[in-house]
Amino acid sequence: MTIRTTIAMLAFVATGIGLIGGPVSAQDLRVALAAEPTSMDPHYQNLTINNSMAMEVYDALVLQDVNQNLVPGLALSWEPFDERTWEFRLRPGVTFHNGAAFTAEDVVATMQRAANVPNSPSSFATFIEGKTFEVIDDLTLRISTETPYPFTPHDMSRIAIIDSAFVDATTEEFNTGESAFGTGPFVFSGWLPGDMIELARNDAYWGTPVDWENVIIRPIGDGTTRTAALLSGDVDFIERVSPSDLPNLESRDELSVFRSVSNRLLYLTLDMTNDPMRPWVTDLDGNPIESPFRDIRVRQAVSLAINRQAIADRVMDGLSTPAGQFSPEGYIGYSDDLTPDEYDADRARELLEEAGYGDGFMLTIHGPAGRYSNDTRILEAIAQMLSRIGIQTSVETMPASVFFRRFARGGPGDTPEFSVAMSGYANGSGEPSHPLRIFIHTKGNGYGPGNRNGYSNQEVDQLIEDGRSSMDIAYMEDALLQATEIAMRDFALVPIHHEIATWAARDGIEYPTGALDSTFIRHIRLQD
Amino acid sequence: MLAFILRRVIQSVVVLFVMSLIVFSMINLVGDPVDMLVNPESLPDEIERVRRDFGLDQPVHVQYWRFMAGAFSGDLGNSFIFGRPALALMAERFPATLELAVSALIIAVTVGLPSGVYAGLRPNGWGSRIIMGGSVLGISIPTFWLGLMMIIVFSVQLGWLPVSGRGDTEQFLGLESSLFTLDGLQHLIMPATNLALFKIAMVIRLARAGTVEVMALDFIKFARAKGLSSRRIVRAHLLPNILIPIITVLGIEFGTLIAFATVTESIFAWPGLGKLVIDAIVNLDRPIIVAYLLFVVALFLVLNLVVDIIYAVLDPRVRLQGDEG
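These protein sequences, in sequence, are chains P and H. Position in the first sequence (from 1) plus 4 gives the number in the numbering used here. Position in the second sequence (from 1) plus 8 gives the number in the numbering used here.
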């Protein structure tokens, strides 16, 4: 082959590949997400990404806005009917994508299916068990519980409603689209696992129709590749921008960046039990000692020793905001009276002195690696900060799959293993008692499944239980707020920060952000 | 020959069995899948329910027994995450990985072999120096970094190629592949080149070493003395002799292309096996991990066998005998 023909061939190939892309219709949207759902069956797995995808195609009786406030969905209104019953008035004139009319019977059928999907790795039964569904007429439904329960509307916001014709449909039939008919703003048009999900506009949607005729969602796990896909025009919208790419994207006129404080909280949990003694706290000679964190002064010292602002600025590149409680400001369950502890190493040393640990002690803190944004570096920063007040701290991280097992039951008799561990939490339910029920309440009777440090306060327990069984919404909110305040002042856990979630899009696209870090395609709009 | 193949097949079955035992018992030492699966907001009995449904409440040897019983009927278990048979999930992803690996192999041979032979024929020419320098780069630059650089140059700066994904696919002779559409080829070219780069460098070095060695041998001198053209010498006498080591290595390397394309697949969001496996490892989807590892073992066993057979075809001196080691 002569050089000339080689060049000619190269030129030919280059023109061939130069012809890609081209402008797409303004009505089409291409989105790159960091992960993809495990199934298109809305009842298969209670997993954040599955749930947000389900809400593109389906509706729940009650919907959540970007800050997880409840707004009407397939139910127009809901109110307590008696002490144990809620009455839902359903939206008239709604049809499923297959043309079937939506009635109360569909809700009952949905609940039957959603609680019993075979092979579900995390079932929705949690939201359905213990509830009785009574159809009054086509558009009226009553839901009763054994005892007064204020969160029935919240629970109903978690279940995607399907047509009763598909009550026996298999997960596979939803994945292929054979049975995937909802009432939502998008019609499901196809899924190639690992490659793309295709949605089309539902022109008969009961709410404002979406701006996009067709949507293609591509899973791109690598952050840099996601950014490159946006820069090259392969996609129009990406989530979770890599912190290092943010300045570059923000400096470009043809792109918009959106950021908002999410409800994803990183926290430390400090062991408050001696039964059994955990091996990760020792005196300076390496002999195991009783947990110093049973003393509130030591817990407070830990909190004061953490320079949250420095972590936000230097470790997180500005993508976090110091936290003093479960919720970020302006979000359900937020207390105005709780502020993040200001860094005060001197006061922290004094507190240790008062508690009898003036000479300090040795500690190993644990956490998952690669689960949360910068998790390992945050732990290392915290270890240095604790060492500065005399707690000689070392860090041990491990893959999330190993961490969570040991975190939950790595110790003797399946008890939690670690003395101090870092973990994350985001309220996925929008229900304000949620973090209190899981992390704060004394373990037992369905309460405290995530209570790893043995925190137990009778008064807090009582407030949580009272709040969770009052149909008086104002009373409920007040009780839960009080419980939050007491628990946080007890350092039931030590909040570190709320992550700041980021999105980026080509110019001309609007995205209303809220406290949730997951992406809702239905909210992406064309700028007018 | 037949005895040889039969013997190898029996050996392979034993190796597979031992591997399944090792993989299965090791994987059970790591973490607990229910912690990764069950949403923390679920009621505590949900964890027990999932453990029961997935058979994780049984002792390891019972789980292994069930697995083997299933394996003999072609069922390697259901993925915990997707709730679908592990083999079906892998079969779904396999074509994407295969087309990537085949393309990379083709690129490696078409670029590497001529360059290597050229460098071997003129070991001191400036062209050879450039080729050998390039091959050192190809071996030492990390795939990950190079993939990102390719994306930045060819997609972001020049806008020639799409960043990621597989593009359109088309059926041809019953195969669904992106090799058969222009859009698919545009998507394929960067990841395939990225994956091929290390292999190109390797083929160059093997071809060069072989060429230098063979060209000094008597039969080449004799061929020259007989007045054969250089082209004829290279084609008829040099190539067959240097191909044997290259084929041996490439056979195994083809296995690694399929089995370990993970990095390239994650950078280019290529919907192949690698992505499936990475997700499975992160989420402790044990059935997928076990099925994948067994698949990789089987793949290498088969490739080894195929390489041995090709040997015999290329070089009649090699005899495949039942008593071979």
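Note that these hints are calculated values from the structure, not bench results. Here a beta-carbon is modelled for each residue, glycine too, at the ideal position from N, C-alpha and C. Warning: the hint list may mix true and false statements.
Which bits of chain P does chain H cover? Going by a derived footprint, with three or more residues having C-beta under 8 Å, they are [what the hints assert, rightly or not]:
1) 78-84
2) 126-132
3) 189-202
4) 235-246
A few chain P residues facing chain H, derived, Cβ under 7 Å [said to hold, decoys possible]:
5) Thr-42
6) Ile-224
7) Gly-227
8) Thr-229
9) Val-406
10) Asn-449
11) Gly-454
Hint-by-hint comparison with the structure:
With 0 residues having a Cβ less than 8 Å from any Cβ of chain H, the region 78-84 of chain P misses the three-residue criterion, and the hint is violated. Only residues whose C-beta sits within less than 8 Å of a C-beta in chain H count toward coverage, and the region 126-132 of chain P has 4 of them, enough to reach three; the restraint holds. For the region 189-202 of chain P, the assignment as covered by chain H holds, since 5 residues bring a beta-carbon within under 8 Å of that chain's beta-carbons and 3 suffice. Residue count for the region 235-246 of chain P with a Cβ under 8 Å from a Cβ of chain H: 4. That meets the three needed, and the coverage hint holds.
The closest approach between the C-beta of P/Thr-42 and any C-beta of chain H is roughly 5 Å, which is under the 7 Å cut-off, so the hint is satisfied. A cut of 7 Å between beta carbons decides the hint on P/Ile-224: the least distance to chain H is about 4 Å, and the hint holds. A distance limit of 7 Å between C-beta atoms decides the matter here; for P/Gly-227 the minimum to chain H is near 11 Å, and the interface restraint is violated. Evaluation of the P/Thr-229 hint against chain H yields a held restraint, the C-beta minimum of about 5 Å falling below 7 Å.
Hint on P/Val-406 holds. Least Cβ distance to chain H is approximately 5 Å, under the 7 Å limit. With a least beta-carbon distance of about 9 Å to chain H, the hint placing P/Asn-449 at the interface is violated under the 7 Å criterion. Interface restraint check for P/Gly-454: the shortest CB-CB distance to chain H comes to about 6 Å, inside 7 Å, so the restraint holds.
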